[in-house]
Amino acid sequence: MDNITVKSSSEIKTNPRRISRRLFLLLLVVILAGYLFFHRKPSRLESKKKFIILGFDGADPRLVEQWWDELPNLRKLSEQGTYSRLRTCTPPESPVAWACFAIGANPGKHGVYDFLRRPVGSYMPTEESFVGREFPKFVFHSIPVKMPKAVSRRGGVAFWDVLSAAGAPTAMLEVPTTFPPPKLNYGHTLSGLGVPDARGVQATFHRFIYNSNEPEKPLDTTFGGKIEILKKEGDVFKGKIWGPYDPITDQDIREKEKKLLEYDLSWCEWQAHLHTLKGLNHVSDQERSKLASRLGNWVIQSLALHPYLHTNGIGERISILKKSLDNNEPYVKEKGAEADIARENLAEAFKSAGDLRNQIGSMARPIWANPAFRIIDDKTVEIRIRDQVKTAEINKWSDWFRLEFPVTKFIVVHAICRFYPQQLSPDNVSIFMSSPDIDPTNPAVPISHPSKFSNQLVDWTGGLYKTRGWAAETHGLKDGHLSEEGFMDDLLDIMKKREAKTFSTWSKTDPNVFVSVFSETDRVSHMFIHHIDEKHPMYNPAEAEKYKNEIKRVFIRMDEIAGRMMKEIENDPDAVLMVMSDHGFQSWRHQVNINKWLVDHGFMTIVGGQLENNEMKLEDLMKKDQDSYFRYVDWPKTQAYALGLGQIYINLKGREPLGAVVPADYDKVCDRIKEELSQLKDDRPGMEGESVVSFVAKRDEIWKGKYANDAHDAPDIQVLFNEHYRVSWQTCLGGISPVVLESNMEKWSGCHCSFDPKHVPGILFCNRKIKANDPSIFDFAPTVLRYFDLKVPEEVEGKDLFSA
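For what it's worth, this note's numbering labels the leading residue of the sequence shown as 58, then goes sequentially.
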């Protein structure tokens with residue numbers, strides 16, 4: 058004891074490392090506790106109730122009623138409970154309608170107005186209105202520190218979010234506008250419309266061709282397909298499959314685009330500075346127009362299309378410069394800079410921008426896969442991709458192939474595809490390939506929740522399946538690169554797979570709420586209506602005899618699937634079953650070129666007064682090429698332009714890059730367009746002056762809510778047409794045609810987009826009687842929630858079908 062020395066507390070020295078370690082552990086515990094507190098699951102809802110919705114996109118009530126005797130299960134369902142036509146939304150497009158289905162309200166409360174979206178500040182549309190993206194990030198040109206991410210642009214509270222918060226087990230299969238997949242408590246989701254292919258676009262079918270009697274020439278398609286000329290080496294034909302663009306190179310391009318924007322803005326600033334030195338009254342209209350065009354198209358529009366270009370201070374610089382130009386006020390880029398300095402900087406900015414623009418244009422690097430084809434005989438081809446070797450028969454779909462697109466040593470994008478040989482001879486080869494879809498067993502971005510669910514479905518259903526939201530090969534058939542037989546074989550296979558996914562998920566997850574959507578009824582109606590409409594300009598009696606029953610075949614499959622679910626729940630008194638569609642269909646006989654109408658009525662002015670070649674393709678849209686989009690329009694003299702499926706935008710000063718209509722005249726211009734366009738008649742021979750437009754309205758007349766404004770890119774005017782008339786393809790893409798009205802000579806012969814909703818109602822079957830009159834697409838959300846005694850969000854406009 059004598060050798061023991063006791064130190065006072067003041068004499069004890071604490072190890073700083075030990076304190077740091079303790080603080081770190083304490084902080085870690087606090088963070089973990091906070092995460093668990095704020096992310097804890099609600100208690101699981103214990104209920105015997107079941108609510109099943111089987112959606113069949115685009116199933117038309119008139120066809121159901123026409124084929125009533127061949128749809129025994131749906132007929133039985135109506136006898137048990139209810140059959141009614143279903144009021145759809147405005148406009149009646151699938152992404153819009155299914156977003157309305159989700160939140161139970163009009164587009165003004167969710168912000169989805171079309172397949173495409175025109176960002177405010179741009180004359181160009183984006184590919185998707187309801188899905189955004191965040192780009193990956195790499196360090197050292199190889200190591201990913203951030204993975205790509207999809208972002209939902211649909212606003213509002215979906216009814217499945219309310220169910221999730223209440224702990225209700227929910228399963229959803231391929232419901233449109235559910236990408237990225239909702240993360241539900243006690244839920245399973247597989248995303249639908251919105252999921253792109255492995256290239257990040259909606260469809261990239263391939264057609265591989267070789268013809269020894271014709272010279273090789275590049276080909277292109279309207280809707281993004283890739284036509285690849287095969288190279289013959291001995292008895293083997295070699296080609297390329299387009300994969301994604303190298304994301305590391307894309308990252309470099311985005312950084313260079315920031316520098317390019319700086320050069321373009323600097324050019325505008327120095328030009329304005331030079332105008333001030335020259336004296337604003339001495340600047341010509343041509344000089345002012347050149348400056349305004351450069352600022353609008355290359356700076357303001359680029360920022361609207363590419364938010365990643367925003368850097369500190371750039372918005373303020375643009376605002377100051379634009380104010381000076383709009384008010385014809387002096388602008389000084391740099392105090393004391395004389396004209397020779399301004400010209401020197403102007404020339405440097407112009408040259409640097411040009412050099413960088415050329416450099417960027419040559420940088421994009423697609424990643425390829427390399428298939429090889431060997432003709433065995435006129436009915437069989439051997440296909441080799443890496444170590445996969447399989448044979449395929451003519452006019453039959455091959456087995457699935459797995460594709461690998463290496464990005465870095467650490468990252469490979471996995472995809473799947475199938476082939477459909479159509480011609481096989483040593484001198485003439487034609488092989489169609491489905492888009493390279495995201496591999497459900499190894500997706501580059503999540504397409505399901507839980508993430509393993511997409512892989513589980515492969516196991517549960519016994520094989521791979523298409524993952525694209527728009528799975529059917531409509532684009533290949535439309536552009537003439539795939540036969541009707543190939544299209545239908547693929548379509549029915551998709552439907553069979555979706556049926557397998559539906560019933561395996563139903564049995565293995567045991568949800569209280571179950572929603573599964575089949576798109577095949579919509580896709581077949583798009584492509585085959587001209588075979589059952591004798592007045593369609595594409596109707597051909599011989600062709601019709603071959604294909605007149607194809608739509609009916611798909612409707613009969615719909616009936617069989619509904620009957621199978623009826624069997625599943627026949628002894629369950631607490632199960633509600635609804636079979637519905639989001640909209641119906643029309644035979645699309647006539648195309649309406651709205652931009653041509655705007656030209657003819659003085660709302661759009663063409664440079665030089667004459668149009669050159671102006672056909673637009675989906676590829677033009679994806680390139681975001683400001684030089685080609687609306688290249689024929691004289692913006693300072695233009696009041697309005699059309700994009701998308703029946704949307705018109707006012708060329709509003711202060712909003713559009715080169716706006717011409719002052720805000721005080723906005724309503725006046727809208728009202729003139731409404732009045733004059735509503736009087737459009739079809740005066741072509743034999744049409745007897747039929748009325749073309751059913752109604753045309755300003756956005757605040759049809760949409761209500763916090764999303765019905767410029768901040769959410771709402772169109773100014775929506776045009777809706779009478780039966781058999783639809784907006785033209787060229788109008789959708791920003792093109793212009795020589796005439797206002799023309800026959801629709803496309804295999805894409807049926808549609809619902811831009812029709813008056815009253816002409817394309819959906820269907821509703823239920824195994825119970827409903828009390829509501831005039832049921833609508835808004836009614837499903839409140840009906841499901843009230844069935845489980847859950848609170849309905851205030852934004853919901855629909856009614857409870859069982860109590861209304």
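Just to be clear, a hint being listed does not mean it is correct.
[Unchecked claim] Derived Cβ-Cβ restraints for the label pairs, each shown as a range: (1) PRO99 - GLU386: 57 to 63 Å; (2) LYS453 - GLU600: 56 to 62 Å; (3) GLN308 - GLU617: 31 to 37 Å; (4) PRO423 - GLU391: 40 to 46 Å; (5) LYS295 - ASP629: 40 to 46 Å; (6) ASP435 - PRO201: 46 to 52 Å; (7) LYS408 - PRO720: 33 to 39 Å; (8) ALA421 - LYS295: 21 to 27 Å; (9) PRO423 - GLU617: 28 to 34 Å; (10) ASP550 - GLN480: 17 to 23 Å; (11) ASN499 - ILE377: 28 to 34 Å; (12) TYR365 - GLU386: 43 to 49 Å.
If you're looking for bench data, these hints aren't it; they were derived computationally from the structure. For each residue, glycine too, the CB sits at the ideal point set by N, CA and C.
Hints, one by one, checked against the model:
1. The supplied range of 57 to 63 Å is met by PRO99 and GLU386, whose beta-carbon atoms lie about 59 Å from each other.
2. Distance hint for LYS453 and GLU600: a CB-CB separation of about 22 Å, inconsistent with the stated range 56 to 62 Å.
3. Between GLN308 and GLU617 the beta carbon distance is about 49 Å. The supplied range of 31 to 37 Å is therefore violated.
4. A C-beta distance of roughly 42 Å is found between PRO423 and GLU391, which places it inside the suggested range of 40 to 46 Å.
5. The beta-carbon spacing between LYS295 and ASP629, approximately 57 Å, falls outside the hinted interval of 40 to 46 Å.
6. For ASP435 and PRO201, the Cβ-Cβ distance of about 47 Å falls inside the hinted range of 46 to 52 Å, so the restraint holds.
7. Distance hint check for LYS408 and PRO720: the Cβ-Cβ separation is about 38 Å, which falls inside the suggested range of 33 to 39 Å.
8. A C-beta distance of roughly 23 Å is found between ALA421 and LYS295, which places it inside the suggested range of 21 to 27 Å.
9. Checking the proposed 28 to 34 Å range against PRO423 and GLU617 shows it is violated: the Cβ atoms sit about 42 Å from each other.
10. Restraint check, ASP550 to GLN480: a C-beta distance of roughly 22 Å satisfies the suggested window 17 to 23 Å.
11. Checked against the hint of 28 to 34 Å, the pair ASN499 and ILE377 fails, with Cβ atoms roughly 50 Å apart.
12. Separation of TYR365 from GLU386 is about 31 Å and departs from the stated range, judged on CB atoms against 43 to 49 Å.
In summary, the structure is inconsistent with hints 2, 3, 5, 9, 11, 12 from the numbered list given earlier, while agreeing with the others.
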